[in-house]
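Novice: Single-letter residue listing:
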Amino acid sequence: MTRWRYFGRRLVLSIPILIFGTTATFWILRMGPIDPAAAIIGPDGDQQAYQRIRDQLGLDEPLWQQYIDFMTGLFTGNLGQSWVLNPGTDAGVMIAQYAPRTIWLGFWSVLIALFIGIPLGFYAGLNSNSWSDYVASFGGIVWRAMPNFWLAVILVSLLSQSQQLFGFNWQGWLVQTDIVTPPSLSNLQNPTNLLAAIKATLPAAVVLGSSSMGNEMRIGRTAVLETINSNYVEAAKAKGVPGRTLVWKHVFRNALVPLVPIITGEAFLLIGGSVLVETVFAINGLGYLFFQATINGDLPLVGSLMFIFILLVVGLNIVQDLLYTLIDPRVGYEGGGA
Amino acid sequence: MMSTDEAVERGEPVLSVENLQTVFYTDKETIRAVDGVNFDIRRGETVGIVGESGSGKSVTARSIMGLIKSPGRVLEESSIRFEGEELTTKTERQYRNVRGSRIAMVFQDPLTSLNPVYTVGNQIKEALRLHQNKRGQEATETAVDLLEAVGIPDAARRLKEYPHQFSGGMRQRAVIAMALACDPELLICDEPTTALDVTIQAQILELLQELQDERDLSIMFITHDMGVIAEISDRVNVMYAGEIVESAPVVELFEQPKHPYTQGLLKSIPGNQSGGDRLETIEGDVPTPNEPPTFCRFEPRCPEAFDRCRTTHPERIPIETSTDEHSAACLLYPEDERRDERVRIHREQSENGPASGGEQT
Amino acid sequence: MAVTREDRTLGERVRANPRPALFWLAGVVVLFALEFGAFMNAIMSTLPWAAVGGALPGTSIWAGLAGVGDTLASLPTLLSRDLVPNQGYYVPGEGWEQTFLGLEPAVAWGLRVTLIYVYAFVFFGWLANGYFVFRRHYRYAAWTPYDDMLDHLRDHRWGQFGFVIVFGFVVMAVFAPALGPTTVAQNIADPYSHEIQYYDQEAQEVSTALVGDANRAATSKGSADRNVGPLSYDSYDRYHPFGTLPSGKDLFTFMMAGARVSLFIGLLYISLASGVAILLALLTAYYKGLLDLVVVVTGDSVQALPQLLVLILLSFVLSDTWLADIYNGGLLLALIFAVTGWPYLWRAVRGPALQISEEEWIDAAKSFGQTPWTTMQKHMLPYVVGYLLIYASLSLGGAIIGVAGLSFLGLGVNPPTPEWGRAVSAGQPYVATASWHISLLPGIMVVLIVTAFNALGDGIRDAIDPQSEGGSGSEVATAGGSGA
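Chain order of the listed sequences is H, E and Z.
Be aware that the first sequence starts at 1, since it is given in our numbering, and climbs by one per residue.
Be aware that the second sequence starts at 1, since it is given in our numbering, and climbs by one per residue.
Be aware that the third sequence starts at 1, since it is given in our numbering, and climbs by one per residue.
Misleading hints may appear alongside valid ones.
[Said to hold, decoys possible] Some chain H residues close to chain E (C-beta under 7 Å, calculated; not the full set):
{"id": "1", "residue": "Asn229"}
{"id": "2", "residue": "Asn231"}
{"id": "3", "residue": "Ala235"}
{"id": "4", "residue": "Gly240"}
{"id": "5", "residue": "Pro242"}
{"id": "6", "residue": "Arg244"}
{"id": "7", "residue": "Trp248"}
{"id": "8", "residue": "His250"}
{"id": "9", "residue": "Arg253"}
{"id": "10", "residue": "Pro258"}
{"id": "11", "residue": "Pro329"}
[To be verified] Per label pair, the in silico range of CB-to-CB distance:
{"id": "12", "chain 1": "Z", "residue 1": "Ile444", "chain 2": "E", "residue 2": "Pro292", "range": "53 to 59 Å"}
{"id": "13", "chain 1": "E", "residue 1": "Asn290", "chain 2": "Z", "residue 2": "Val294", "range": "56 to 62 Å"}
{"id": "14", "chain 1": "Z", "residue 1": "Tyr383", "chain 2": "H", "residue 2": "Asp133", "range": "30 to 36 Å"}
{"id": "15", "chain 1": "E", "residue 1": "Asn122", "chain 2": "H", "residue 2": "Trp4", "range": "28 to 34 Å"}
{"id": "16", "chain 1": "H", "residue 1": "Gly73", "chain 2": "Z", "residue 2": "Trp361", "range": "42 to 48 Å"}
{"id": "17", "chain 1": "H", "residue 1": "Val319", "chain 2": "Z", "residue 2": "Lys366", "range": "36 to 42 Å"}
{"id": "18", "chain 1": "H", "residue 1": "Gly139", "chain 2": "Z", "residue 2": "Gly351", "range": "28 to 34 Å"}
{"id": "19", "chain 1": "H", "residue 1": "Thr72", "chain 2": "E", "residue 2": "Ser167", "range": "27 to 33 Å"}
{"id": "20", "chain 1": "E", "residue 1": "Leu266", "chain 2": "H", "residue 2": "Arg253", "range": "21 to 27 Å"}
{"id": "21", "chain 1": "E", "residue 1": "Leu266", "chain 2": "Z", "residue 2": "Lys366", "range": "41 to 47 Å"}
{"id": "22", "chain 1": "H", "residue 1": "Asn231", "chain 2": "Z", "residue 2": "Gly351", "range": "20 to 26 Å"}
{"id": "23", "chain 1": "E", "residue 1": "Arg93", "chain 2": "Z", "residue 2": "Trp361", "range": "50 to 56 Å"}
No wet-lab data here; the hints were simulated from the structure.
Because the structure is a prediction, the values reported are computed rather than measured.
Just so it is clear, CB atoms sit at the ideal spot from N, CA and C, and this is done for glycine as well.
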């Protein structure tokens, strides 16, 4: 089948996945032992208020009715309200408030990992078995094994002690920023503000992207090694193709193919890992919001957030398939590609 | 120095390989993959190189193309003269001008020798752009012509397709088209039909012969298949353990093989069996030579071996025949001499070089 | 007709030449008996027998068995704390008193740890030797593919490194009570129910104190005078190889016990997820078609849920249930990991399983009427197991990081059961101070062990398939873990 038919098929398959995910979320929320109304009321609410909340949340309706309401609500964009964290606030509004910082953080994580991990990997592959290759590879392996949150903790303390340890003050360098603080994303047209926003997010982005960086390095290296030793590169050389073209046109393009699932897989990770990193760096993003909502029992908000996340993940998978379709013409043919 | 054209006019060979030695220096051992190989290829002829796996055929081809990578090296004593120019002393940059435009190579597996993520047209035009500076519309038209010349129908549409969309035989045709894009004088084919099935194989061989007639192309054809050699070559060199052990025009090789190895090869073709219960084979494996030869490398497997074979290296001795181009490296020749005299002749040739240069074929 | 070697069963072969087998067996029995109590202890205290027994009918039987198990666990072992105790106190002007063989507690502790590890490696070496005894004397085939795999492992330094560290980690978990300078019961769980002896400097005499009080004096809270760093003694002359926590409890003992928890969760998760993954992979590869489609959609759906978020959600939602009581949340975590993690393992082995199912000998087996179950077991399973091992070892590393991350947030394993993430969280305010060890050491340990698991996975992969240059799957595995 053609590549686009293959892509279309993957697109269609996403729908049951989306439905399944939200259904699972609903199931966890409603079927779990936690009573949302009780959580909202707290331990000393009165019976009347409790009953009122149950009515408002529709908790006494038959289960299938609740399910329909839940699903239709989500899919039509009605994300409900927060009941515990910010009672009465529309969940959509809250998400819109918290999302920009997570997006900013995510963007830089992906970028940093991409632009450090892949070139390092390609470099290691081109100069394989040299000293720099060993150093880079080993560094990548260890970097990959580091827990996000631990790295974040270490980085925070290193940066706050930067004056004593390294002799220069991180907070004051270039632009004044704090280390453990949400970046201010207002007025990004102004270059100073932009720089401040980038700098404030940089440590968190490095941490969040760290495991992906390690992976991309390793895979990039392997991919380059495989392509360099392949027959078509030798055939191209036999045609007289010069070295530089050989590397850029023939090796890199083919080496990118196995990297695609990693790049998008990494974005997938951000969604989970951001909880830890945002907590340590005190960035009020979606991950942080999710965590707070969960431990405070604000289940309606949790449900909506989970839906957003699932949507994101499915969307990312579609982007990944799209990239694959564009990059590898063999996709769909005898299982080549994905 | 005479010009290329003049040289060719005088009947000088297009390619002249002399004492080619290619050695691989690995951590564990030194492998002498090609150990003193001499042969010529003249304009418009097909020279076959035949031998088992491990005999050094592919390394010879890659040495000529300058594709030997570390830890391998072409030793200094080697000489590869192409149209009057010495290739072994060329820099990488100079070699690039030769590759593709004057000598082209076709590899064994057409699927893996084409880059899967670019269209076939892209890869053909790449060669055109490199060597003939053709771009755009002109390049496309040339590419279409090339595909048609190799017998691919609907060429214009095919240009935009990817390698995996071609069938096996068509792929090999496309690879040949790519090789011929810049009209080279010499085409090296390294087992181009081994990965194809027999009917396609016949078509490709036919195609090669056609192209040769049209363009006056010289072809170096490497294979282990005696049947293919019989069909396509004008002259044949038989290689064993890095050396050429026999060299003759094709008909004569098949009718009067002189070296025991060649005889063994011909006998083991299933069609040539003399009857009996078991298939005739040559027992044993091809050795991996680590030192320069001081004895006959075929001796362990040779049915005609005698004690001197272990201590004397056989040199190429011309065989007296009608064509005057047959030679074999075996202590059994020259036939009409006694054994001791033969050994002496071989020894002398080892030390002093061949008796007279003109008889080397 | 003479009975040739090939015609005898294994039992007959052993009986024909019993000496090597008996010798090896004797060694195993002796070594095992030496530490039998410790192994039983590991089993008894790790698995939630109480909950399991309570849920099953016939409680009296289980209670009886449990009693037996406890007795066995308290059997004296060779390398217990009693053999090489690290007790003693320091009298200024006179040196160490009441010590074992006159050795400082630090040295005594080091000695005990060394002995335990030596024992562990010897025991393992002896067990491994059994394979070679079998190969030399009793195996019918002169060569099997496993011999090649072992040869590959022999030269694979990276894989060996991984194996050694992982083995060390397992030993840590199994022998935890004997490895620490004190015990969990004494120092962490019930410090106010135990006493120690120390030399009271003011009173110039030996007196006793509650461990809890001693802990209060041994806290590490950042400043130079309120800190007990690694490899040092506290004011009660107790030795702390890794220093103490802000609560004053010994970090090393904490981490040893935490190793147990992590290993338990990891192994349980892997066993469950692998079982499911293999079963599904074999079934879908054999039957293909609709079954394959259903499993693919289900697996992808589960994978679409962000694992960490589901973990957070589920552990919170189920935190008041009986499930969460087992191991203070450990069992719950393992289950949630298994439920969210099986699709990854399934995907990993699906590839090889599909490849095998295309092989002709599967068709051949089907053609002469072989039952599907036997085909899967005999012809497909052996090829798939190797790949499973690779990805399982990688996932284990990811699980360890995940559990630590959750505990760091306060959600995973709850007090008083020790877990490394909690140590990192407890030490977070002090990272840049004198008490850097609290956060740093657990993290370093995690990095070391996860790297080791990755190395082990690499080693196994090179052993079974030396030509593969490493697939993208392995990287996504650890990405999935360390991203948490």
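Novice: Are the hints correct? Go through all of them and say.
Specialist: Hints and how they fare:
1. Asn229: violated (10 Å)
2. Asn231: holds (4 Å)
3. Ala235: holds (4 Å)
4. Gly240: H:Gly240 check passes; min Cβ-Cβ to chain E is 3 Å, inside 7 Å.
5. Pro242: holds (6 Å)
6. Arg244: violated (11 Å)
7. Trp248: violated (13 Å)
8. His250: OK, holds: H:His250 within 7 Å of chain E, min 6 Å.
9. Arg253: holds (5 Å)
10. Pro258: Cβ of H:Pro258 sits 12 Å from chain E, so the hint is violated.
11. Pro329: Holds, because the Cβ-Cβ distance from H:Pro329 to chain E comes to roughly 5 Å (cut-off 7 Å).
12. Z:Ile444 x E:Pro292: 53 to 59 Å: Holds, at about 56 Å.
13. E:Asn290 x Z:Val294: 56 to 62 Å: holds (59 Å)
14. Z:Tyr383 x H:Asp133: 30 to 36 Å: holds (32 Å)
15. E:Asn122 x H:Trp4: 28 to 34 Å: violated (20 Å)
16. H:Gly73 x Z:Trp361: 42 to 48 Å: violated (54 Å)
17. H:Val319 x Z:Lys366: 36 to 42 Å: holds (41 Å)
18. H:Gly139 x Z:Gly351: 28 to 34 Å: The hinted range 28 to 34 Å holds for H:Gly139 and Z:Gly351, with Cβ atoms some 29 Å apart.
19. H:Thr72 x E:Ser167: 27 to 33 Å: Since H:Thr72 and E:Ser167 have Cβ atoms about 52 Å apart, the given range 27 to 33 Å is violated.
20. E:Leu266 x H:Arg253: 21 to 27 Å: This hint is violated: roughly 47 Å between Cβ atoms.
21. E:Leu266 x Z:Lys366: 41 to 47 Å: About 44 Å separates the Cβ atoms of E:Leu266 and Z:Lys366, which means 41 to 47 Å holds.
22. H:Asn231 x Z:Gly351: 20 to 26 Å: holds (23 Å)
23. E:Arg93 x Z:Trp361: 50 to 56 Å: holds (53 Å)
Comparing the model with each earlier hint shows violations of hints 1, 6, 7, 10, 15, 16, 19, 20; every other hint is respected.
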